[in-house]
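Hey, can you work out the whole structure from these sequences and the hints?
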Amino acid sequence: MTEVKDARGLLCPEPVLMAKGEIDRLGSGTFQIVVNTAAARDNIARLAKNQKWDLSIEQLGEEFFLTLKK
Amino acid sequence: MTGAVVAALALVLVRLGNPPNMGYCIACFLRDVAGGLGLHRANTVQYIRPEILGLVLGGFLTSLSTREYRALGGSSPLPRFVLAFFAMIGMLVFLGCPLRMILRLSAGDLNALVGLAGLVGGVAIGILFIRKGFSLGRATAQNKSSGYIFPAITLALLVLLLARPAYIFFSEQGPGSMHAPLLASLAAGVIFGALAQRSRLCLVGGLRDFILFRDFYLLSGFVAILLVALAGNLALGSFNPGFENQPIAHSDGLWNFLGLALAGFASVLLGGCPLRQLISASEGNTDSVITVIGLIAGAAFAHNFGLAASARGVPAAGQIAVLIGFAVVLTVAFFNSNAFSKQGGAEQ
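First to last, the protein sequences are chains A and B.
All residue numbers for the first sequence refer to my numbering, where the first residue is 75 and numbers rise by one.
All residue numbers for the second sequence refer to my numbering, where the first residue is 9 and numbers rise by one.
If you're looking for bench data, these hints aren't it; they were derived computationally from the structure.
There's no promise every hint is true.
As the list claims (entries may be wrong) - Stretch-level coverage of chain A by chain B, calculated; a stretch enters the list once three of its residues show a Cβ under 8 Å from a Cβ in chain B: (1) 82 to 90; (2) 103 to 116; (3) 120 to 127.
Cβ atoms here follow ideal geometry from the backbone N, Cα and C, with glycine treated the same way.
Pasting the structure below:
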């Protein structure tokens, strides 16, 4: 069971900070983070790329579920 | 890419009649809009700038077409108003938003370099609080129509601008009287709004992300504006390096530094520079709308109470207002950081 971090409704840079916090805390593994703006989605995608984590994105309604894996 | 186009548009707008080094300036233009509506009576800076209206409409239509439009709100509206109010005071003491700071720098105005140093310092202070858990809390979904109010107000302003009724002010002298033809300004605004929506260009965000994450994406837009505008100014012969006699600027280093430091500090807490706030407001974020209203209110107060700087320098009242601004922004930052205050910050 992967944990889902909730970054809905948070403005930049908080969603990215939340994702970065998980990346630093886990080191490797899998986690999910949910956001509801395209800006937050793109920012976390860029972070994942910079940190070399794999990313998959699933859109449900107006929310984006990002799964990061390393 | 966006940065390069913005720089080119800014140079073209100045050629077509906008004030020097002010092809685009979100702070100055919001101030002019406030003046056009008679919210302040400084008769040199009154004009409902079509660039602002175009920016909002361009951002709104683009966000609709990309399905990124979201009606959101409820993330500390009143603190945002206050932060924006003092951010504007800081910018009008410097005489420009972060965007105009770059344009001034590209034309050789070295006072802008002092402003840039201040901006970086202000952003760094804001980041200290972000690292201590600063947050203005979550925005939640609002009724979809709430997000349409801001574009509707913008359309109404466009009607007033075109109809020119007697109660709308148009400067006959000073920077407010200098403007490119309405349609050119409006078109440039729409293009800029569409590009800024797509790229999420943010000048404060560029510095912030670089300092926080070593992420160069937003900062690259910042650098592109500077380089293209610099090349343009060199080619057009409008590059005049120096501190003295720069257009619509003063050379009081301390207040240039502190003005943009205050603006940078408040903008980081708000999540973006005035440009980004306008785009975010057009995408349906009603908290950003409150922020824009705070900016406009700050501009109105700055001119009604003689706080804004001019080429002659920064009035004493403006200096005091900047110091009060630092105290207020620090207080807001403190009480919304969960490291310092149990109520502050978002739940993690």
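Now the hints, each set against the structure:
no.: 1; hint: 82 to 90; result: holds (count 8)
no.: 2; hint: 103 to 116; result: holds (count 5)
no.: 3; hint: 120 to 127; result: holds (count 3)
Hint compliance for this structure: no hint is broken.
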